[in-house]
Amino acid sequence: MSMATLERKTKKPKIQLGNKGESGMFTDSSPESRRVIPPSQDTRAKFKVVYVVLESQYQAALTQACNMINQQQEGVSVECVGYLLEELRDPANVEKFRQDVATANVFLGSLIFVQELAEKVVEVVSPLRENLDAAVVFPSLPEVMRLQKLGSFSMASMGQKKSIIGDFMKKQRMQQGAKFEEDMLKLVRTLPEILKYLPSDKAKDARSFMMSFQYWLGGSPENLSSMLLMLADTYCKGIKGENLVNKADIVAPILLPDKGIWHPVADQIFDRPSAYFEWYDKVHCPAAGIDVETAPTIGILVQKSHINTRDECHYTALIADLEARGARVVTIYSGGLDFSGPLEEFFYLNGYPSVDAVINLTGFALVGGPASQNHEKAVKVLKKLNRPYLCALPLVFQTFEEWKKSELGLHPVQVALQVSLPEIDGAIEPVIFAGREGLTGRNVPMSDRIDLLAERLLKWATLRRKENKDKKLAVTVFSFPPDKGNVGTAAYLDVFGSIQEMLGNLKKDGYDMGEIPESPEALMDAVLHDKEAKYDSPSLNVAYRMPVDEYEKLTPYHRDLEEAWGKAPGNLNSDGQNMLVFGKQFGNVFIGVQPTFGYEGDPMRLLFSKSASPHHGFAAYYTYLEKIFKADAVLHFGTHGSLEFMPGKQVGMSGTCYPDRLINSIPNLYYYAANNPSEATIAKRRSYSATISYLTPPAENAGLYKGLKELSELVKSYQGLRENESRGPSIVNSIVASARQCNLDKDIKDLPADDFDTKELSIDGRDALVGKVYRKLMEIESRLLPCGLHRIGVPPTAAEAVATLVQIATIDRPDDGIKSLPRIIAESVGRDIDEIYANADKGVLDDVDLLYRITEATRAAVGAGVAQSTDSEGRVKEVKPVFEQGMTLLQGMMGQASPWKKALADSGFPNAKEESLSPLFEYLEFCLKQVVADNEMGGLLQGLNGEYILPGPGGDPIRNPGVLPTGKNMHSLDPQAIPTKPAVDVAFKVVDRLLERTKADTGDYPQSVAFTLWGTDNIKTYGESLAQVMALVGVRPVPDAIGRVNKLELIPLEELGRPRVDVVVTCSGIFRDLFINQMALLDRAVKMAAEADEPTEMNFVRAHALQSAKELGLSVRDAATRVFSNAAGSYSANVGLTIENGGWDSEQQLQEQFLSRKSFAFNADKPGEMSHQTDLFKASLKTVDLTFQNLDSSEISLTDVSHYYDSDPTKVVQGLRDDGRKPTSFVADTTTATAQVRTLSETVRLDARTKLLNPKFYEGMMKTGYEGVREITKRLRNTMGWSATSGEVDNFVYEDANDVFIKDEAMRQRLLETNPNSFRDMVTTFLEANGRGYWDTSEENIKLLQELYQDVEDKIEGVKP
Amino acid sequence: MTGSTGMGVFVPVCLNAAIGIYLCAAFQQLPSPSLLSRRSPFSSTLSRLRTARFPSSVALSASSTVTDAPPSIAPSAIESSPLPDLEPSKTDAVVEVASIPEHLPSEAGKDYRPLACMLAKQDFKEADQFTRDMLIELAGPGAQMRKYVYFTEVRKIPVTDMATIERLWLHYSNGRFGYSVQKKVWKTCRADFQTFCSKVGWSKMEDGIERLRRWFGENEFMYDLDKAPRGHLPLTNTLRGTTLFKEVLNHPAWDSDVLQEKLF
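These protein sequence lines are chains B and H, in that order. Quick note: the first sequence, position 863, residue 863 per UniProt numbering, numbers continuous. Quick note: the second sequence, position 6, residue 6 per UniProt numbering, numbers continuous.
What the hints contain is simulated information worked out from the structure, not anything from laboratory work. Relax, there's no trap hidden among the hints.
In silico lysine to aspartate or glutamate, EDC-like type, Cα no more than 20 Å apart, as pairs:
#, chain 1, residue 1, chain 2, residue 2
1, B, Lys-1303, B, Glu-1328
2, B, Lys-404, H, Glu-210
3, H, Lys-204, B, Asp-448
4, B, Lys-627, H, Asp-192
5, B, Lys-405, H, Glu-206
6, H, Lys-187, B, Glu-550
7, B, Lys-404, H, Asp-207
8, H, Lys-204, B, Glu-401
9, B, Lys-404, H, Glu-206
10, H, Lys-246, B, Asp-448
11, H, Lys-199, B, Asp-560
12, B, Lys-405, H, Glu-210
13, H, Lys-199, B, Asp-448
14, H, Lys-187, B, Asp-448
15, B, Lys-405, H, Asp-207
16, H, Lys-156, B, Asp-281
17, B, Lys-553, H, Asp-192
Could you put the whole structure together from the sequences, leaning on the hints where they help?
Here's what the structure looks like:
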């Protein structure tokens, strides 16, 4: 009988892919399919092996190893069954696993690094460990490592007390990075040699472990067979000592070198690049038809274990595809998890980089793999190599079919490990290029993804090799909402000014630019043609008319768009016969206008847009860029566009996802606002962009104006006259009257009536009253607002720099030993700043005043510092170093005071301590350098040169100056790192404050709080709002052994000291995309609370869950579903869109939209899907008596963007509650040093006063012209959004706004002339606010608005000049 | 059998032998009565050929590639792939007597008579396997060691041999199977592999998802002239991407005049 026949008999593969769909999990594969059983009637001594691994590539190799044993051995046979780690999420599999371990002789585990699954493994194996003959665990979490059992060898102390391995894994993740793995390898390499000569049993067992590890790392079926036979021979009952194993088959581990250059066709591993190229260039390339002289070279990183286990088909596929396209490749592997060394060793030839682009096919971070990363080290070597760095990944936990079917796309665990972490290294383009074949577990390539990657890699490489004068660049500007007044929209960016700046720089760099327009206005005119025309009319400049047949020929997926849009050309971006591409070409640079979604005005689509596709015009635009204009790269100009939000999977695009189809092969660069890392991350993952961050304009103090300014003068004069019996009270009377005029009575509840004479109050009473007014004024005055728009490539003005640094100076940084400037100043007068803040909050007049003086002194001191580096134009181009070594010391010795010390003295604080000031100002100087060192233009030029764009975090430069300098490829953070300990501390404080305030106001704790979670918010605060949710339900996050947040513990009621408050969490679509593991954590927290056996009056979560379990016929666990978001691949409630377009009838419609789009529940028990649970969503919202959101930054406040009200459930809850009561809405403001909790209406008023109604704001906006007018209109429209969703906007806000912008004739003329389209929107919004009953005003006002509407309409239509 | 329609005389294999025209079975023991048993003679031929090809130690790894090779996703292998199952051959196995040509040109010195017999017998599964195995041999020692063809080796395969193989396929499938047939379909798909797969039936719909047919476990391909779409056979492995497949379609043989020369 031939071997083959024998095999067929011993192993009969069954196709069994688990119970499809029922588990709700990604992994539908079944361990049964990989069970190897010895032939029946086998009389040999049998041993049984059970394994759990993360790396599926071991599956096939182990199966082969067992088959070999069963065929070759005469005395022993083996039964083997394996579990892929993720399969243990299924309780049925855990049960089978338990049964298998119970009858097993040997247990094997490897890379068990997922906390909750590690716990399951330990739970099963630990009690059965006694009966096992051997348990061998390769690198895993410490608790799993402790299962180790080889005779006397164990790792019982692992992670508990000091031990070699425990030390590697613990804490110092950042410093140690991949050291653990490296050290293990070193150990493995050296130990066996030493141990061989040690006779003791102990050494024998330790040696067995090390040998096993070597075999394991060797990975081939032969090695694994030797390992199993060795283990059986040494440890297994009934086999050991019986001489049953044919020892000839236990051969020494056959190991490939730890690292090397590999090629599928070469018959050896190369240990030097010169040797490789000697063979490659002289033998292989000629045979493959590759022109060595001109071919671009792609560096590829692969995992050694795939080479070992001969599971390398997916690697070979990409290599072959690249070579078939005429490229050279250098493929390197490493056995360890640190690729930095091999990269430096093998990607250079004679000291120069030998590659034009690099792709990492392991899907892991460059240094540290899945265990502990060292991003700094990775960035260092990548920066030195300076090439585009892509990181693609194979599916690990899903089969192709599972992934294809999934709307979420890639499994969340893989997203966390293999998308988020590589991004921190600066990796781009997380394309899934291969997957596991369900039956054999082997990796097979996805042909269309391989093609895509090869094409994209070659284009990146081409950017490096092509001369600038020949490169074609497509610049895409956004236009939203789809109106001409909005072309070139980007958050905080002066788009046309910046493009103008960019064109100049490109020209200098040798690009063929043709004629550059002489000014931003001229540029805008060239693109818009006629500013006043309606957007979708053909009078936007048409760059290209694409006949329908050409469009259809070049757009392979055009038929798929017909379902939603009918046949091409349709009526968007079309003239009825041709597809129209809008824009203007200057030499080799095309500036195009991105088409809009197309369904903005269509209520049905807004409600159900989940399955919508881009329209033909949209597709035609990108077809034009790729196939007709033939762009070498596209640059999307500014935050944000439509491309990255097109329908498709969340992460891990397939070839049918629209972002993927649209961008196809073009390298994509994207200017994104530094304060928006979350959306930037979406752009990176879904539209394959390398982002380049830009600074948002610095925030300045709002200041006071008009009535508020007069009021503040009154307050100041009171301070001199307060003791004057007659004048004191009369000034207070005036203060009261003008405070009322300024509508401050809305904020100061006990403001006396107008006819009340304050003479009747004591002087303390009057002080208290004035203190409250003063405090309110200060709150408005010191509120920060971004002024103007940022222009890329222009250094900041001194005033801008001061504004930024003042904010940086206001934050204590205990980790760096830096005190905030206000704290230092307070200390200089013997006070504690926290106390001053608290007193000022209460309205203690003296402290309000002191705080005011401290704030002024802070500004003066920082100003004095910046003045050192300000040039004659009032800009800071480079920073004059004051802190050069010894200089300050010298100054101190010479008795010279620093400029800031002088400034403080001049402001009345002469005693601030230099030793506190020095570290702070040194830090500020560093920050100033970072602000000035922006690389925004540089980042673009680097990207276009095919270089590596330095990665960096996005977020708030004030909190995290690491965001600076801008011009970086932005990333989010390691999702498993949040919430951090400090974030948890702050969160518990905020929650306490919220609950105290509610208890004080209503006498009770709230039953349930509706929460909105934002991606950016949580990135900036390291998960504060996430932790707030946990605080409410009384659960604490606990970091695991390597510092990741995966565990939770219930805080006992006695420690909590209050009831557990229920929550309803609505996550933004972006939060869902970035933090799906944290959604799981929240869901588990809620379920934990619901299942706690506690009295329901102390546990509202449980009370509500019991109730809805009964009503809806669910288990308590399922009824405790509180974490909701959009359907996968869909974003926002679209309420904002609807309001921006005015296309809605009643608030009911908005609420239904919210309920239908936001009611997709996340369930930690079934993490693979978002299930539509409108009933549960409604049921849980019904009990809400408080709604809550966080404000994380001054530049994005309530009326700056639409998404805060878009997701506000206030009126929705009111509609659902049995008593019809409107819930109280609170907003936590963590933008200032003292976190404030205010009601929504307070916050809306504050926002209106500091922005919309504040001359400093609107005049600043007007200065930037066209875009500025649009910004003002946007604030008004967003204000009306709040009326619609919450009803928390005071009438005076509209009234005052109308006074400022409409009644003032000069003002309205300016608006009309600068941006007629936006002005028309403004007029419409006022009329709409009145029509919908949000604004009650005079007939006269309405009449004026109606007339203006007609005028501006005529003007736009060209009826009137 | 549809292949027989209007195509001359069909006789059982044993008669074939008796008549003394090319004996398909001539490569093995003379067809004994066992020939009429339910076992395909060519399976064992191939087993022998294959065993002969690999020294026994290699045969081990070759056979392990067999069971654990991954190709269940894709039309498998110009690669050493599973030995055909010892499945019952058609009991009424007949061979188109007149159809096995005397001269099957080979520049590489290969013998294509087994292929001709398999095809004549309409045993497409065997023929398919034979073809892939042969391509590995034709591709040279590198491919034989590796057990698959790297795309760069395809151009080394002589036009003569490719054309002979192709002409056999074309002839016995009435022009429905063959690389040149696939090339025509490929062109109509605008070189899109997925479209191609659905056209030639290499993929199928399952639960609303289009997936490639499986090779392992249960072989899902169609070795039947009636059921299989045009261009379904021969299969080419896409386990290592589509480069190899594209290169095969690019072989000069399909456009060469040799292909037009009559074999029969």
